[in-house]
Every structure is written in C-alpha cells, then in structure tokens.
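Listed below, chain by chain, are the residues.
4 protein chains.
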Amino acid sequence: MNFEYLIRDVYQKIKNIEDKGEIASYIPELSKVDPKSFGVHISTINQVNCGIGNYNEKFSIQSIAKVLALILAYRLVGDEIWDRVGVEPSGTAFNSLVQLEADKGIPRNPFLNAGAIVVSDILISNLRNPKEDFIDFVRSISNNTSLGYSNRIAQSEKEVGYRNIALCNFIKSFGQIQNKPSDVLDFYFDLCSLEMSCKELSELFLFLANNGLRVENNEAILSESQSKRVNALMQTCGFYDESGEFAFKVGLPGKSGVGGGIIAIHPDQYAIAVWSPKLNKKGNSHKGMIFLEEFTTRSELSIF
Amino acid sequence: MNFEYLIRDVYQKIKNIEDKGEIASYIPELSKVDPKSFGVHISTINQVNCGIGNYNEKFSIQSIAKVLALILAYRLVGDEIWDRVGVEPSGTAFNSLVQLEADKGIPRNPFLNAGAIVVSDILISNLRNPKEDFIDFVRSISNNTSLGYSNRIAQSEKEVGYRNIALCNFIKSFGQIQNKPSDVLDFYFDLCSLEMSCKELSELFLFLANNGLRVENNEAILSESQSKRVNALMQTCGFYDESGEFAFKVGLPGKSGVGGGIIAIHPDQYAIAVWSPKLNKKGNSHKGMIFLEEFTTRSELSIF
Amino acid sequence: MNFEYLIRDVYQKIKNIEDKGEIASYIPELSKVDPKSFGVHISTINQVNCGIGNYNEKFSIQSIAKVLALILAYRLVGDEIWDRVGVEPSGTAFNSLVQLEADKGIPRNPFLNAGAIVVSDILISNLRNPKEDFIDFVRSISNNTSLGYSNRIAQSEKEVGYRNIALCNFIKSFGQIQNKPSDVLDFYFDLCSLEMSCKELSELFLFLANNGLRVENNEAILSESQSKRVNALMQTCGFYDESGEFAFKVGLPGKSGVGGGIIAIHPDQYAIAVWSPKLNKKGNSHKGMIFLEEFTTRSELSIF
Amino acid sequence: MNFEYLIRDVYQKIKNIEDKGEIASYIPELSKVDPKSFGVHISTINQVNCGIGNYNEKFSIQSIAKVLALILAYRLVGDEIWDRVGVEPSGTAFNSLVQLEADKGIPRNPFLNAGAIVVSDILISNLRNPKEDFIDFVRSISNNTSLGYSNRIAQSEKEVGYRNIALCNFIKSFGQIQNKPSDVLDFYFDLCSLEMSCKELSELFLFLANNGLRVENNEAILSESQSKRVNALMQTCGFYDESGEFAFKVGLPGKSGVGGGIIAIHPDQYAIAVWSPKLNKKGNSHKGMIFLEEFTTRSELSIF
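Chains as they are written, first to last, in this note's numbering: chain V, 14 to 317; chain D, 14 to 317; chain H, 14 to 317; chain P, 14 to 317.
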C-alpha cells in the first residue's frame with residue numbers, strides 16, 4: 014500500500030470541503046487556534062513516516078492524553094485498575110451522571126471524564142511527583158524531550174472546569190477518589206493540556222499497532238495482551254457518543270480530543286494522527302472524521 | 014494455525030469448570046434444555062470445519078437472529094435503515110427506555126430488543142410474506158433447508174413477552190413503527206425462535222469473515238462495506254451491557270443470545286459458534302464467554 | 014362569602030383574556046370540542062350552588078375519573094391499595110418510566126396513568142362487571158343516573174393509546190398487573206371517557222369537602238381519614254408536573270383532565286369545577302388554572 | 014382543643030415505642046447526639062405554648078434552615094426568586110441530578126440541597142455580610158438573640174460535603190450560580206449548622222400559621238400571599254422523597270432536617286416542633302413522623 018500517495022490524495026480532496034464544525038469554545042484558550050489548520054501524519058510498523066499540511070504543528074491533545082494516563086496506570090497497577098473503572102461504552106454523556114450514581118462512583122470506562130479523573134487519582138497515589146513523572150514517562154516512550162504541558166491551557170481549564178470539579182467531588186462522595194479532589198483535578202487539567210503535533214502523536218502511539226512494543230527497539234511499553242485491550246477500549250469507547258459511528262464508518266480503534274485531534278490505530282499496520290480544530294456536534298473533529306472514513310475506505314483497510 | 018487441535022484442547026479445559034451461570038427462565042420453554050450442553054464449531058475461509066461436543070444439536074438462537082434480520086433489512090433498504098435505528102452502544106438496559114424517550118423512538122442500535130423490533134417493522138413493510146420470506150432468505154444464504162422456527166418457543170414468548178409488547182407500543186407512540194404492533198411483535202417473536210446448531214451457525218455466518226461473500230461460490234450476501242459495518246456493530250453492541258468486556262477480553266465482533274449461543278467473527282479468518290445454556294449475570298453464555306477468551310488468547314488472534 | 018358574586022366577577026375578568034393554550038389533539042375525538050367553551054360551577058357544604066357560562070354542558074372528564082376509580086378501589090380494598098401504588102409526587106412524566114423500572118412496577122401515585130392503570134386492575138379483580146359496576150357506583154354517589162361513558166371517546170383512545178398499552182405491559186412485566194393487559198386497558202379507556210358537566214362534577218365531589226359524607230344525607234362514601242387522604246393526594250399529585258405550581262398559586266387539592274376540566278376542593282367549604290378546553294404546556298386547562306388562582310386570591314381562601 | 018393534654022398523652026404513647034431509625038452518621042459531629050432525645054413544643058396563635066421532653070434542648074436544625082433562607086431571599090428579591098428555582102416536587106434524590114441536567118441548572122424546588130444552594134447564592138448576592146446578616150435576620154424575627162451557628166457542625170460538613178460541592182459546581186457549569194462556588198458552599202454549610210430547640214423553632218415559625226405576621230406584634234415577616242406560598246411549598250416538597258407520605262398521613266405543611274427535627278404548621282392554628290434524632294430510611298425523624306401522625310389523627314386537625 015502506498016500510504017504516502019493515498020494520504021496526499023485524500024488530504025487534497027477533504028481539504029476544500031466546507032467545514033461545518035465549530036471550534037471548542039468552552040475554554041477560552043482553545044478558541045485561539047487557526048480554524049483552518051489541517052494536518053495528517055502516518056507512521057507504519059515498517060517505518061514509513063509521512064505527513065501533510067500542518068502535521069508538524071503542536072496543538073492541545075486534550076482527551077487523547079487520557080489514553081496515555083491509562084497506559085501508565087495500567088503499567089503501574091495492572092488489572093487492579095479495573096476495580097476502579099469499567100470497560101463498557103457509556104451511552105450518552107447525559108447518562109454518565111446517572112450511571113455514576115447507579116454504579117456508586119465507578120465510571121463506565123477510562124475515556125469518560127469521570128474515568129480519566131479516577132485514573133488520575135490512581136496515578137497520584139502511585140507516583141512520587143505525579144506531574145513530573147507523567148511527562149517523563151510520555152517523553153521516554155516517545156523519545157521526544159520536547160513534549161510538555163501548556164500552562165496557559167491548564168490554567169484556562171482550572172478557571173472554568175466546574176463540570177469536572179462536580180464529577181470529581183461526586184465520585185469522591187462515593188469514596189472512589191483517594192486523594193484530595195483539588196489535587197486530582199490539578200493533575201487532570203495538566204494532563205489534558207499536553208501539546209503534540211500529528212507527527213509526534215503517530216510516532217508515540219505506534220507501539221499500540223505493534224503489540225505493545227516500540228518499533229525502534231522492541232521495548233515493551235505494554236504487554237501484548239494489555240496493548241490489545243487498550244485498542245479494544247479505544248474501539249468501543251474512544252469517541253464519546255460517536256464511538257459506534259466511528260467503528261461503523263472508519264473501523265479502527267482511536268481516540269479524539271476537543272482540540273480537534275484524532276489518533277487511530279490499525280493493529281499490525283500503522284498509527285495515524287489527524288488534526289482539524291472544528292468539531293462536529295458530538296465533539297469530534299469534523300474534517301478528521303471525514304478524512305479517516307475516506308482513508309480507510311480507499312485503503313480497504315479496516316479491522317473488520 | 015491448527016484450529017482443530019486448539020478447539021479440542023480449550024474445550025477439554027473449559028468443559029469441566031464449574032458453571033456458575035443460570036439458564037434463562039423467563040420463557041418457560043427455554044428452561045427445558047439440558048444445562049450441561051456444550052458445543053463448539055469453527056468454519057474458516059480456507060474451508061476448515063470442525064466441531065466438538067454438542068456442536069450438531071439445534072438450540073434456540075434467540076437474539077443472534079437479530080443479526081440475520083439486520084442483514085436482510087440492510088439488503089432491502091440499504092443505508093435508509095439508519096434513519097430508523099442508530100449504531101451506538103446503549104449503556105445499560107436500564108437506560109434504553111430513557112434513551113428511547115430522549116431519542117423519540119429511535120433505538121440506539123439494531124441489537125437492542127427495541128432496535129430489532131424496528132428492524133422487524135422494516136421487514137414487514139418490505140416483504141410480501143414476512144415470516145416465509147425471512148426463513149427462505151436464511152435457508153438460501155446457508156444452503157440449508159432444514160432451518161426453521163420453533164412454534165413452541167415463539168408461542169411461549171408471545172404469552173409472556175410483556176416487556177417487548179411495551180417496547181413496541183412505546184416506539185409506536187412516537188410514530189416510529191409503521192405496521193400494527195401486534196403484527197410486528199408476531200414476526201419478532203418468530204424471528205427469535207429460530208433454531209440452529211453451532212455447525213449451522215458458523216457456516217451461515219462465515220460470509221461476514223469473507224467481506225460479505227459466501228465462501229463456496231463468492232455470491233455477495235452483503236457488499237464489502239456493509240459486511241464490515243455489520244461486524245463493527247457486533248463489535249460495539251453485540252453483547253448487551255457486556256459488549257465492552259467482550260471486545261476487551263475476546264477482541265472479536267460477535268453476537269450472543271439468551272439460549273446460550275454465541276457467534277463470533279474473525280475477519281479474513283473464520284466464524285466460530287459456541288453453545289452452553291447457562292448465562293452469566295449480563296445474560297451471555299457463561300462458558301461460552303470463557304471459551305472464547307481462552308481461545309483467542311491461545312490462538313493469539315484478536316482483531317486488536 | 015358571596016360566592017355567587019365572586020364567581021361571576023372573576024368569570025367576566027378571565028373570559029376575555031387571550032387563551033394561549035391548545036386543545037388536546039392526540040385523541041382525534043377530543044379536538045372536536047368548541048375551544049371557546051368556558052364554564053364554572055361551585056357547590057358548598059351549606060348547599061349553595063351556582064354556575065356560569067357552559068357549566069351545564071357535558072365534556073370528557075378524562076383524568077378526573079382517576080379520582081373516582083381511586084375512591085371505589087379504596088372502598089373495596091382499603092389500605093391494601095397502597096401495596097400496589099405509592100403516594101408520592103412523580104417529578105416529571107419523563108421520569109415516570111425510569112421510576113417504574115426502579116420501583117419494579119409500583120407507580121408513584123394513583124393519578125399517573127401508570128397508577129390509574131394499576132387501580133383499574135384492582136377494580137377488575139374486585140368487581141363482577143367492572144364497566145357496569147363502576148358507572149353504577151358513580152351514579153349512586155352523585156344521585157345522577159344520566160352519567161355515562163362516551164363510546165366515541167373510548168374507541169378513539171383505544172385506537173391510538175400506544176403509550177398506555179406500553180405502560181400497562183411494562184407494569185405487567187414486573188408482575189404488578191393481575192388481569193390481562195387488554196382487559197385492564199379496555200376498562201381504563203372506558204373510565205377516561207366519562208362525561209360530566211361542571212355542575213355534575215362539583216356536586217359529585219362535594220363529599221370530599223365534607224369529610225367523606227354526602228351533604229344531602231350524611232352517607233359515608235369514604236371514612237373521614239380516607240377522605241382527607243384523597244385530598245392530600247390531589248394536593249401533591251393532582252396536576253401532573255404542575256402540582257407544586259397549583260398548590261403554590263391556588264392552594265387547594267384538585268385534579269385536572271386533558272379535556273380541560275378541573276375539580277378543586279376546599280375542605281369544610283366547597284367543591285368547584287372549571288372547564289375550558291385549551292391546555293397549557295403542562296397539559297392543564299390554561300384558563301381554568303388562571304380562574305382558580307384569581308378566585309382563591311380574591312376569596313382569600315386557600316388551605317394555607 | 015386542649016393541646017397541652019393531647020401533646021402529653023401522645024408523647025407518652027410514642028416515647029416508648031421501639032425506635033427503628035438510625036442517627037445520621039455522614040457528618041461525624043451529628044452522630045454525637047443522644048439517640049434517645051425526644052422533645053415536642055407547640056405554639057398557637059392564641060398564645061398557648063407548651064412543651065414536653067427535651068423541648069428546650071438545642072439541636073442541629075439542618076435542612077429546616079432552608080425555609081429560613083427561602084424566607085429571607087423571598088423578602089429580598091420577591092418573585093424573581095422563581096426564575097432561579099422551581100416550585101415542584103422532585104421525585105427522588107436519584108432523579109435530582111438528571112433533572113438538574115434536563116432543566117439546565119434550575120433546581121426543582123428550594124428545599125432540595127440544589128435549591129438551597131441556589132437560594133444561598135441569591136442571599137450572598139444581596140447581603141453585605143451574608144453570614145452575619147442572615148443570623149441577625151433569624152434573631153430579629155424570633156426575638157431571640159441566643160440563636161447561632163455551630164462552627165463544629167459547619168466545619169464537619171465542610172470537610173466531607175463532597176456531594177454538595179459537586180451539586181454547586183454542577184449548577185455553576187450551567188451558569189446558574191453567580192458567586193464563587195466556595196463562597197456559596199461556605200455560607201450553605203453555615204446555614205445548615207444553625208441550632209435551635211423545639212421551643213425556639215415553634216415560636217419562630219408561628220408567623221407562617223398567622224398569614225405571615227408575628228403573633229406578638231403583627232409585624233409582617235412575609236405578605237399573606239408569600240406566607241401561603243411558603244406553606245404550600247412545605248406541603249409539597251418539605252420531606253424529600255416522603256413529602257407525599259407526610260401530606261397523606263399528617264396533612265400539614267412542614268419541613269424536616271437530618272438532625273431529627275421537624276417543624277409543622279397548621280394555618281390559622283399553630284406551629285409544632287418535634288425532635289428525635291433517629292431517622293427513617295427516607296431521612297426523616299422516625300418518631301417525629303409517628304408523633305405527628307398520631308397528633309393530627311387525635312386532634313382531628315389536618316388541613317384536608
């Protein structure tokens with residue numbers, strides 16, 4: 014498969030469609046990005062790397078960082094993590110509060126805000142200097158020391174993140190948060206402020222296409238079984254209330270963020286990152302979703 | 014991969030574990046089955062076929078028939094079907110009524126009872142003799158004229174199916190059922206009464222592992238894209254409130270029924286059917302789930 | 014208090030306000046009424062009776078009949094009725110299905126459709142000829158043999174009452190309906206088709222202002238305690254999702270119907286019936302609510 | 014009516030029944046009270062005052078203070094308060110979060126925690142020194158300078174009040190809290206820490222039985238209409254998920270607190286306060302509810 018040709022071709026086709034999405038505005042800082050930004054980068058296990066458009070520009074990866082938090086927590090505590098957070102899709106955001114109540118503070122999966130807050134709590138309990146240790150981990154598995162948090166974005170979220178403060182305290186009221194809610198939230202907001210480019214994202218996440226091993230040196234970041242399970246979770250829960258739609262149209266495990274980024278994994282093949290800031294009504298990148306649908310249709314590669 | 018050896022080995026291992034499940038008892042007829050029944054059959058696109066245990070015994074496939082109803086409706090009306098039913102996981106059964114209300118009678122996916130009732134309504138509107146035409150379709154794609162409904166099971170469901178009568182009339186109250194509720198329910202209960210053996214199931218569903226084409230003659234039952242989408246739906250929604258767990262542990266698209274049957278698909282490889290009547294708390298075959306987890310772990314084959 | 018003067022004065026004031034309500038249209042037959050109909054009738058325990066406008070015209074009392082069904086069931090089975098139906102307000106219609114699920118088929122109160130369906134089931138189990146016996150009871154306590162069902166309205170409801178069919182079968186699925194759903198629904202739809210004039214309503218319900226005793230002859234229709242409890246239920250649950258608003262603005266126990274009728278009780282004083290078919294967004298008579306608010310404000314009589 | 018005799022008689026009867034309730038334990042400080050405490054005090058508009066048992070002992074009035082907060086806010090902003098909080102019963106606690114979401118941060122009524130938090134926000138916006146001004150108001154309308162907050166209780170709530178922190182931030186996320194959540198919560202926790210005896214409660218609340226006027230000097234604390242409306246709210250919403258039951262069995266407007274106190278109002282007659290710390294499953298004083306049911310049954314005085 015000539016991925017380089019295919020990516021360029023699909024990119025040109027999608028680049029000029031009307032973008033009906035809207036930039037996330039609930040955090041003032043997020044709305045400052047250029048709405049026309051559009052970048053794509055693919056990294057294959059055969060060491061093909063190619064990008065197009067704004068693939069080298071850093072953006073706020075937001076919820077994509079939840080996968081990284083999950084990975085580190087999974088390494089640290091193993092399957093005990095599943096005592097604190099489930100592996101089921103959640104239905105709608107609307108239901109998540111009801112379900113938290115019905116499930117007594119156990120979030121349905123680690124990619125809901127509630128779930129990532131619980132994962133943050135686990136990390137705080139298991140890291141000496143959570144904020145530093147986490148970024149060190151991300152840098153080490155990507156061999157990229159330039160990765161970092163955006164204080165600007167984190168601060169912006171801390172000022173208006175009432176919904177997340179509510180979630181964290183609600184879970185705490187069920188005894189399912191062990192640390193102080195303010196510490197957990199601080200870490201969670203830092204987490205979501207991580208900035209990466211499409212190139213950095215696809216390179217970082219490639220190990221999930223390679224059974225948990227870094228392609229460069231075969232170092233195990235996760236066991237094969239853990240790696241498959243993280244992919245399975247991205248497949249069923251990675252796109253909020255549009256996870257089924259993504260599986261249906263794109264057919265790959267993936268994760269989106271409200272910064273307009275999407276990472277998708279084709280096991281045994283490649284990792285691909287797309288970035289376009291305008292979001293559809295479900296909160297996923299409008300152009301990003303269309304690009305990936307077209308890309309997997311044209312490449313005739315989906316896991317199904 | 015020597016599937017024959019592997020299946021026998023895993024079968025022997027799982028056969029004697031304690032079965033903590035319980036036979037479905039809400040329909041009196043269903044509870045008459047031998048609780049120790051246990052059968053497995055695999056069919057590969059390379060024409061390997063092998064079974065073990067009660068793989069040749071017919072049982073009530075129940076909700077597995079929802080996939081067949083979806084396939085026929087998808088053939089008949091194409092993507093218009095998605096105007097009437099969604100493609101998203103539903104969260105819990107508990108939420109499905111709330112979601113039906115919030116979504117004004119559009120079920121979240123075709124594998125919920127609500128969704129299959131809507132698919133039944135579509136079939137009734139598009140078939141001349143729904144009950145006969147449907148079984149003819151199933152027989153034709155499986156090249157197996159022995160397949161049929163169980164009047165005994167269908168009658169048993171019609172007598173106590175209050176929850177489904179409620180669902181159908183609730184959807185009708187939103188104007189999302191076009192035929193008479195009693196006609197739709199009659200057809201739906203017939204559908205769920207279909208009986209097949211593991212052998213028949215894995216042979217019938219093999220085309221979903223083969224991009225929609227029957228392996229024997231390359232006849233297209235679904236287009237490649239439709240076939241992938243049906244698999245994606247089974248991946249995200251096939252196991253009620255345990256769909257995430259199945260993706261997580263087994264990693265294959267599949268569908269279960271309260272009769273204790275499970276069909277799972279490995280795209281480009283095989284279809285496998287398992288039957289063991291005792292159900293876990295989520296309503297899926299207790300031994301069947303364990304068998305498939307062990308089988309995919311041992312074969313190191315999951316789609317992730 | 015000169016009720017006659019006050020009623021005329023308030024009637025003239027309210028008669029000409031713009032009526033922003035809408036006639037109930039979900040049952041075709043209900044929408045055939047003259048939207049400008051407006052009648053009021055009061056009956057006091059001091060035997061004052063006076064009416065104005067269309068007070069002598071029969072209309073479909075709809076849900077007001079739920080109070081009559083409750084009264085007869087309360088007489089027949091006493092406090093056992095509260096094993097089958099609660100006495101708490103329900104929050105919104107939206108929640109009633111969720112609550113039915115959470116409460117395993119026990120409706121929150123007898124004035125919800127779900128609750129009245131359960132009361133209908135109790136009546137069927139305890140009456141020899143439910144339809145005839147019920148109308149005989151209503152005629153006897155009102156000393157008015159002209160009262161009767163409207164076959165036209167009942168038939169109209171039976172044809173489109175999908176939501177109620179859904180509710181009845183849903184409750185049946187929890188084992189909380191003892192008779193056949195179709196029998197229960199038949200009786201329930203007959204019940205709701207009762208027709209009365211404002212005059213007949215206020216005369217019939219006057220015993221609830223008189224501690225359960227008919228004013229003419231002191232015959233006990235309910236015990237004093239039962240009568241108070243029926244009033245308490247009307248106070249907290251009589252106006253669907255607007256019960257709090259009615260208590261807040263009018264301050265009397267009462268019950269409304271989608272035919273545009275309202276009955277209200279002032280204990281130890283009077284019963285008053287209002288009819289105006291256009292409904293506000295909560296399903297209660299728009300002018301009727303305004304009339305009663307003005308009437309209790311002007312009379313300085315509320316129970317609070 | 015010889016209230017003095019009746020209260021003593023009912024008190025003796027109820028005193029020795031087995032108390033199946035449990036003391037509130039979610040706030041450590043609350044559980045330090047003597048579980049056998051039991052006091053009653055009545056104050057009539059004819060200036061009869063009598064108490065029995067621990068009627069002169071101060072206890073934590075908890076949610077009863079929500080009525081006082083409502084009264085002060087109602088005085089300060091009039092009917093504008095109803096733009097921020099509704100007047101409808103809420104169904105269950107379970108639903109309140111769903112309803113807050115559906116109603117975009119408008120609580121169903123001012124006696125829910127969510128509603129009292131919004132009322133607290135209104136008070137903070139309208140008082141110069143909220144904490145001092147509020148206690149001054151309470152002292153002035155009761156002519157009792159000994160009333161005050163319990164720092165011990167307030168501190169205890171601030172340390173474990175995660176559910177209320179969640180509620181406040183959730184409402185803030187809808188833009189329905191104007192001040193800083195931490196300020197609103199501080200005030201709310203102070204509010205709930207108010208301590209009074211039964212004697213002080215019944216004397217303070219007597220004006221609600223007197224159309225809003227203090228009995229001693231006819232000073233208007235609320236207008237007649239406002240006073241009736243506060244009573245109506247207590248009738249429909251004063252006892253959490255047991256409001257219907259209280260109306261049904263006791264038949265008076267009232268308000269309970271998890272400290273085991275209940276205040277009830279008989280318009281035009283009296284205010285009565287009961288205290289017994291063990292709570293029933295709905296969070297209301299077990300003995301208090303039984304006492305009031307027996308008292309109104311024996312006195313044949315209910316508003317219905």
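Careful, some of the hints might be misleading.
One copy or two, it doesn't matter: identical chains are merged, so the pair holds either way.
Unchecked claim - Each computed DSS-like pair below joins lysine-lysine, with the alpha-carbon atoms no more than 30 angstroms apart: (1) K26 <-> K193; (2) K144 <-> K26; (3) K193 <-> K49; (4) K28 <-> K294; (5) K45 <-> K117; (6) K193 <-> K33; (7) K117 <-> K291; (8) K117 <-> K33; (9) K117 <-> K28; (10) K28 <-> K144; (11) K71 <-> K117; (12) K117 <-> K49; (13) K28 <-> K291; (14) K193 <-> K171; (15) K28 <-> K193; (16) K28 <-> K171.
Please keep in mind that the hints were generated in silico from the structure rather than gathered at the bench.
The hints, checked one at a time:
| no. | hint | result |
| --- | --- | --- |
| 1 | K26 <-> K193 | neither (49 angstroms within a copy, 46 angstroms between copies) |
| 2 | K144 <-> K26 | neither (41 angstroms within a copy, 46 angstroms between copies) |
| 3 | K193 <-> K49 | neither (40 angstroms within a copy, 36 angstroms between copies) |
| 4 | K28 <-> K294 | within (20 angstroms within a copy, 47 angstroms between copies) |
| 5 | K45 <-> K117 | between (38 angstroms within a copy, 27 angstroms between copies) |
| 6 | K193 <-> K33 | neither (41 angstroms within a copy, 36 angstroms between copies) |
| 7 | K117 <-> K291 | between (35 angstroms within a copy, 25 angstroms between copies) |
| 8 | K117 <-> K33 | between (39 angstroms within a copy, 25 angstroms between copies) |
| 9 | K117 <-> K28 | neither (45 angstroms within a copy, 35 angstroms between copies) |
| 10 | K28 <-> K144 | neither (37 angstroms within a copy, 49 angstroms between copies) |
| 11 | K71 <-> K117 | neither (38 angstroms within a copy, 35 angstroms between copies) |
| 12 | K117 <-> K49 | neither (43 angstroms within a copy, 32 angstroms between copies) |
| 13 | K28 <-> K291 | within (13 angstroms within a copy, 53 angstroms between copies) |
| 14 | K193 <-> K171 | both (15 angstroms within a copy, 13 angstroms between copies) |
| 15 | K28 <-> K193 | neither (45 angstroms within a copy, 44 angstroms between copies) |
| 16 | K28 <-> K171 | neither (34 angstroms within a copy, 53 angstroms between copies) |
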